[in-house]
Amino acid sequence: SCSHTHALLSSCLVPYRSYSLRFILTVLYSYFGKQKTVEQISTVFGIAVSTLYEWKKLFMRHKEVWLGVLESLYRSETSFLRELTGKEVYGFYEKFRFSFLERSPCTDREVSFIGSRKKRGVT
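With the first letter of the sequence shown counted as 1, position 94 gets the number 100 in my numbering; the numbers rise by one all the way through.
No lab work stands behind these hints, which were simulated from the structure alone. Possibly wrong hints are sitting among the right ones.
Cross-link-like lysine-lysine pairs, in silico, DSS-like; alpha carbons within 25 angstroms at most [stated by the list, open to error]: (1) K62 <-> K40; (2) K40 <-> K63; (3) K62 <-> K42.
My request is simple: use the sequences and hints to build the entire structure.
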């Protein structure tokens with residue numbers, strides 16, 4: 007977008023970082039929660055303001071797909087992101103601990119570990 011070729015420059019001159027989906031959703035949750043200014047969010051998370059706005063634009067473009075058109079009318083960005091950022095970490099782990107290549111159910115030891123966490127109320 008700046009009309010310059012960066013492919014010829016070393017990555018130490020043009021820094022490039024990759025971010026996890028969870029990190030991006032946490033940043034967006036902070037932004038839509040309006041508890042901090044854009045500058046504060048940028049400083050706290052170590053990202054450029056332009057990066058935050060790019061993520062917001064991408065999120066808003068895909069929000070309809072993720073939520074569904076009708077559900078989106080009745081749901082705020084904050085409530086959606088709260089669910090995706092893993093505030094219920096144990097529930098997230100339960101749903102997504104296996105990739106499609108891993109076996110399920112887990113070993114007896116893993117099952118007993120998970121069961122003991124549930125009994126103790128650990129999340």
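Status of the hints after comparison with the structure:
A distance of roughly 13 angstroms separates the Cα atoms of K62 and K40; the hinted pair therefore holds under the 25 angstroms criterion. The straight-line distance between the Cα atoms of K40 and K63 is roughly 17 angstroms, inside the 25 angstroms bound, and the hint therefore holds. Only pairs whose Cα atoms come within 25 angstroms are accepted, and K62 paired with K42 is accepted, the gap being roughly 15 angstroms.
Violated hints are absent here; each numbered hint is respected by the structure.
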